[in-house]
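Undergrad: Heads up: the protein sequence lines correspond to chains A and B, in order.
Per this note's numbering, residue 34 is the first one in the first sequence, and the count goes up by one each step.
Per this note's numbering, residue 18 is the first one in the second sequence, and the count goes up by one each step.
Because the hints were derived from the structure by calculation, they are not lab data.
Hints are not guaranteed to be accurate.
Unchecked claim - Listed next, the in silico DMTMM-like pairs over lysine to aspartate or glutamate satisfying Cα-Cα at most 25 Å (straight line): (1) A:201 x B:160; (2) A:298 x A:163; (3) A:158 x B:313.
Claimed, not checked - Covered, in the sense of this in silico footprint (three residues per stretch, anywhere, with C-beta under 8 Å from a C-beta of chain B), are these stretches of chain A: (4) 48-54; (5) 170-180; (6) 218-230; (7) 299-312.
Unchecked claim - Partial list, derived from the structure: chain A residues whose beta carbon lies under 8 Å from chain B: (8) 62; (9) 63; (10) 183; (11) 186; (12) 187; (13) 191; (14) 243; (15) 246; (16) 315; (17) 316; (18) 320; (19) 324.
This structure is a prediction, so every number in the text was calculated from the model and none was measured.
Where is the CB? At the ideal position from N, CA and C, for every residue including glycine.
Here is how the chains run, residue by residue.
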Amino acid sequence: MLIFFLRRLLILIPVWLALVTLIFLMRVLIPGDPIDTLLFGQPHTPEVVANLKAEMGLDKPIYEQYFGYVVGAAHGDLGKSITTHRPVIDEIGDRYVKTLTLAVASLVLGLLLGLVFGTVAAMYKGTFIDTAVTVVSLIGLSLPQIWLGLLLLNLLAVTLNWLPVVGKGDLPHLIMPTLTLAIVEGAVLARFVRSSLLEVLNQDYIRTAYSKGLRRQVVLNRHAFKNAMIPVVTILGLQFGGLLGGAVIVENIFAWPGLGQLAVKAIGQRDYPVIQGTVLLAATTYVVVNMLVDTLYGLLDPRISKAS
Amino acid sequence: MSEQILVEGVERPAQPGETVVAVKKRKGALGFVVRLLRHRSASVGIFLLLIVIGAAIFAPLIAPYPIDKLSTGKRLTGSTWEHLFGTDQLGRDMFSRVIFGSQIALQVGITALLIAVTFGTLIGLVSGYYGGWVDTLAMRFVDLMLAFPGIFLALAIVTILGPGLVNGTIAIGISSIPGFARVIRGAVLSVKSQDYILAARAVGVPNRRILFRSVFPNVMPPLIVLATLFFPGAILAAAGLSYIGLGSLPPSPDWGTLLVDGQSYVRDAPWLFNFPGAAIFIVVMGSNLLGNGLRDVLDPRLRGL
């Protein structure tokens, strides 16, 4: 098991290096001189340009810039913001934690919704309840997050006045963005849980368990549920990526001070080091989460870790 | 039944029995449409998409006002007979704007889809069929692209290209190439080992011919299903990009842009975001329903997609 985990950890190193390379290339690919773009429309002297170039490290040859970026990134140094001149890592600050909190809270709530609705639908397969759950989940996963967010804002903050329209980055502020992401997430997972559970309920060992005279509840809890969870766990990593991406939109709807909000602001200001930093952090997180999910998958299903 | 037709479709290049095959194929295509229309969720999906396509094509006839006609006397009125969806802060008719917005939404969705399908399929076909270092290289790159969660890859591409509706569309298209390439490659791998491919190889049919005449038609079912399921994602992503100011900009009646406007009036004028939101929802729901139907009708084995 430990070897399985360590091997996964080692694979991450080349993947991460490739990611950093790609993100470094991003700036090289941007047409035009970044200094020109930055100073566009402002009066400037050659000294100002030279100073800025030195500050951003653009006076060095490209390979030196590249190695500097990789070594820096490995140490958490992502360069300096063009607009605020503060280190990118300080700009990110606790925004990263805010985004992770939002993504994890949405995943947990979404999983809860998905498990409850998916299980109910599977248990009452072919009945009115099953159809209702299927239709509701289809509606849920077709809802545009922006619209859903605005509907919640209108309902919970304006009409019912339960929550403030403008949050303060605290727990009440977290409720609406989490709900927005979790409703769509729950809809996706409910369909998945349902089909996974139905597949398991058709297996021979479930019939065996019933024929031993076990009660339905015991069969479901001990035999069916655990096995039905394996495929669900595998997609959780992928879903987490979707949530990180969705957070970009949702953070901007509810002014949740996370990574997505920073990324969008930085793109508006053409603050490339900050954009690169946020994208790198999001991608790294996604890769690490998927590695952890793979490991968890190995724990749940010993056949996997033994096979590798 | 359907398998038989597929097999004949593949034999076509080898045998010049064109007429017989053509008749059977048409029958197959007709049968396919009938089965699709009988499928409950597919028919509802087609109905919803037809509403939107109709709105886009006949927008100039349907919309009662020009999209930018200001009417200072009637700012922020709710739904009335005169203005079905109300008016916005400048007195523009929301119904006309939402109707014209369907043109933008479909343009974005279809363009992004074409980019993703074309390049994704090419990469997937070549990678899966030839294998070897080409495959390894392509798939490592695809894996790397897939490491960017959700909209982040599109964000990175928009950063390089610069914001705007056209660049946003290209970014959404490019960022979906890896997903298509991965699925098509998988499908090619399973087709590649079939007897009819081996037979074609054995009689010396050139690789490129096998690839496009025999392999490609057989990866169509997953491709079609994936495309239908990708389409709503593209529409949602485009709305998202516009919403965060990286897609189309005001005064465009793009649905995402309308939602941005609507947010400023979340307190007093919910119709400003409800109608564009519902419009996006109809397209997305319609394509999801059609995608589910296509998956059932084309190939029940694809249920996991």
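Undergrad: Please verify that hint: residue 316 of chain A, Cβ, nearest Cβ of chain B, below 8 Å or not.
TA: holds (5 Å)
Undergrad: Double-check residue 183 of chain A for me: the hint is only fine if its C-beta lies closer than 8 Å to a C-beta in chain B.
TA: It holds, given that the least Cβ distance between residue 183 of chain A and chain B is near 5 Å, below 8 Å.
Undergrad: Can the stretch 218-230 of chain A be counted as covered by chain B under the rule of three residues or more with Cβ-Cβ separation shorter than 8 Å?
TA: violated (count 1)
Undergrad: Is the interface hint for residue 62 of chain A satisfied, with its Cβ closer than 8 Å to some Cβ of chain B?
TA: For residue 62 of chain A, the interface hint holds, since the closest Cβ of chain B sits about 5 Å away, which is under 8 Å.
Undergrad: Is the hint on residue 191 of chain A kept, meaning its closest Cβ partner in chain B is under 8 Å away?
TA: holds (5 Å)
Undergrad: Quick one, are residue 298 of chain A and residue 163 of chain A close enough, alpha carbons at most 25 Å?
TA: violated (44 Å)
Undergrad: Should the hint that residue 187 of chain A touches chain B count as held when the rule is a Cβ pair under 8 Å?
TA: holds (5 Å)
Undergrad: Holds or violated: are the alpha carbons of residue 201 of chain A and residue 160 of chain B at most 25 Å from each other?
TA: Cα-Cα ~38 Å, so violated.
Undergrad: Quick check: the stretch 170-180 of chain A, covered by chain B? Criterion 3+ residues, Cβ under 8 Å.
TA: holds (count 9)
Undergrad: Would you settle whether the hint for residue 63 of chain A is holds or violated, based on the nearest Cβ-Cβ distance to chain B being less than 8 Å?
TA: holds (5 Å)
Undergrad: Holds or violated: residue 158 of chain A and residue 313 of chain B, Cα atoms, limit 25 Å.
TA: It holds: about 18 Å lies between the C-alpha atoms, which stays within 25 Å.
Undergrad: Given residue 320 of chain A was flagged as interface, is its beta-carbon under 8 Å from a beta-carbon of chain B?
TA: Hint holds; residue 320 of chain A Cβ to chain B Cβ min 5 Å, cut 8 Å.
Violated hints for the displayed structure, listed by number in ascending order: 1, 2, 6, 14, 15, 19.
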